[in-house]
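Asker: Top to bottom, those sequences are chains A and B.
For the first sequence, this note's numbering begins at 1 and goes up steadily by one.
For the second sequence, this note's numbering begins at 1001 and goes up steadily by one.
If you are wondering where the hints come from, they were derived from the structure by calculation, not from laboratory data.
A couple of the hints might just be wrong.
Listed next, with one range per pair, are the computed distances between beta-carbon atoms [to be verified]:
1) A:Val53 <-> B:Asp1116: 38 to 46 Å
2) B:Lys1284 <-> A:Asn79: 28 to 36 Å
3) B:Gly1375 <-> A:Lys42: 24 to 32 Å
Once the Cα atoms are required to be at most 25 Å apart in a straight line, the calculated DMTMM-like pairs of lysine to aspartate or glutamate come out as [claimed, not checked]:
4) B:Lys1335 <-> A:Glu43
5) B:Lys1210 <-> A:Glu50
6) A:Lys42 <-> B:Asp1214
7) B:Lys1335 <-> A:Glu50
8) B:Lys1284 <-> A:Glu50
9) B:Lys1379 <-> B:Glu1309
10) A:Lys34 <-> B:Asp1036
11) B:Lys1210 <-> A:Glu43
None of the values given here were measured: they were computed from a predicted structure.
For each residue, glycine too, the CB sits at the ideal point set by N, CA and C.
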Amino acid sequence: MKKIEAIIRPESLEMVKNALNELGYPGMTITEVKGHGKQKGKEQIWRGREYKVEFLPKLKVEIVVLDDDVQRIARAIINETRTGNIGDGKIFIYPVEDAIRIRTGDYGNNAI
Amino acid sequence: MKRVPLIILVALALFLTTTGAFADEPTTASNARALDTVWVLMAAFLVFFMQAGFGMVEAGFIRAKNTCNILTKNFLDYCMASIGFFIFGYAIMFGSENQFIGLKGWFLSGAQSGADIPLYAFWLFQAAFCGAAATIVAGGMAGRMKFQAYLIYSFVISAFVYPIVGHWIWGGGWLAKLNFVDFAGSTVVHSVGGFAALIGTIILKPRIGKFNPDGTPNAIPGHSIPLASLGVFILWFGWFGFNPGSTLGAGDGELIARVAINTNLAAAAGAISAMILVWRLSGKPDLSMIMNGALAGLVAVTAPCAFVEPWAAIVIGIVGGIIVVLGVILLDKLKIDDPVGAVPVHGLNGLWGTLSIGLFGKKALDVAKNGLFYGGGLKQLGIQALGVTTAVIFVLITMGGLFKLIDMFIGLRVNKEEELAGLDTSEHGMESYAGFQIQ
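Okay, chain A solo, but in the shape it has when bound (with noise of 0.2 Å):
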């Protein structure tokens, strides 16, 4: 079992859903969260003062999948949230020691 991390733009959330709920995994994690890459922020403006936002509003979108799904889930995020600027986001992935689903009690990969 591996945990798919990915953090996108809050638009692309809906695209993300449904590719996801067609492979197969309708079930995630959303939180909202700030942050900037490398390149930091941009430029807003206040009573006619520029001023820059460094930390923009972003999702993270957590997801726990079989391993032999991960590239095709990654894959399929990555497809629906590129548009080549910056602020795309990125996708972390760590591996899963276990998984319980609480209503049935089942372990393992049958709790996916």
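Assemble chain B onto chain A, guided by the hints.
Answerer: What follows is chain B alone, placed relative to chain A:
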């Protein structure tokens, strides 16, 4: 049953009608007075509603962590003004003993109405104005002023400082005798509030993080443009009571109509001119400045609204919008931190509005001398300048002195930890948006 003799019935009818049993029938005069009273009361209710406008503008323009604090100050302002103006303020402003300060009418006992409407209606209208002046300062001193200090300030300005200036101009005082005119309060309300805010924010010093060590300013964005925008509309709406209500009577409708159209045109013109200017200067049409522009136009037209033609109201508004944009830039250059723009909107445009009577005022509309553009030369302009200058100096000295005094005894500003944590939690133990993280 015995029939009552006709003669007795006739006698009874004559008796009742001629001895005044029906003498409370309305007369033309009492109807006019009733209409005027309703007019002024409705206007007073509108001006009261401006408190909500001020509250929303101030809240929207500051950070969420200080919002509960500013709304409490705004709320208490009106309460303090209500009580302070009842006990002391009205007597000082409208007691007719001498030209500098009234001395009769404490607690309204023995007080006279200042217009042909009941005393209580006149009082309520004037009290609402007093509340408006007081709350202007909350914005300029936002984000770092101690709450107890604010309460003391609020009572003093409502009970004493504002009424004294008001007495000079509206209470038959020395400026009125010199034919200084200020129809609805560019000087009395807005310059008083705006310059009290100026001296206050200078003494208080800037918010932490507003200016860098090298002197460059940082923008500290407000947390809610929707609230601010709602506030501006409420203020504009309330201004239709503020200005036209100052006629203190419905009259034949001509004057209140003129004042209303001038009020509207100046606001619209101010918004547009501010938008154009800020668009040119910073590259984007910035709503926070556009809204300040509308308010600037409103403040500027407050003095001249009865005395000028509509075309002049537009010009006054355009200039007001320019003044507010440049004023904000100027304050940044002078390293003065005014979180909501109280000084450029109320102080500077209060000045401009007062002076504009000397340019655009018309004798035909009840100014003593024609303004410069009507061939009257500089006389009225000079009187206007004298009046607004003395009022401003008086406010700077008294309010500056008061703030210094408060600072000596209980401190004017919160400490660094309190300021960084936000006044909502430091001063009130509350969150404006419980549980949410909003800047």
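Asker: Each hint needs a verdict: does it hold in this structure or not?
Answerer: Okay, the hints, checked on the actual structure:
1. A:Val53 <-> B:Asp1116: 38 to 46 Å: violated, 57 Å
2. B:Lys1284 <-> A:Asn79: 28 to 36 Å: Taking Cβ atoms as reference, B:Lys1284 and A:Asn79 lie about 34 Å apart, which means the hint holds.
3. B:Gly1375 <-> A:Lys42: 24 to 32 Å: violated, 55 Å
4. B:Lys1335 <-> A:Glu43: holds, 22 Å
5. B:Lys1210 <-> A:Glu50: OK: B:Lys1210 and A:Glu50 at ~13 Å, within 25 Å.
6. A:Lys42 <-> B:Asp1214: Status holds; Cα separation ~23 Å.
7. B:Lys1335 <-> A:Glu50: holds, 17 Å
8. B:Lys1284 <-> A:Glu50: Satisfied, since the Cα-Cα distance of roughly 10 Å is no more than 25 Å.
9. B:Lys1379 <-> B:Glu1309: holds, 20 Å
10. A:Lys34 <-> B:Asp1036: violated, 58 Å
11. B:Lys1210 <-> A:Glu43: holds, 17 Å
Hint violations for this structure: numbers 1, 3, 10, all remaining hints satisfied.
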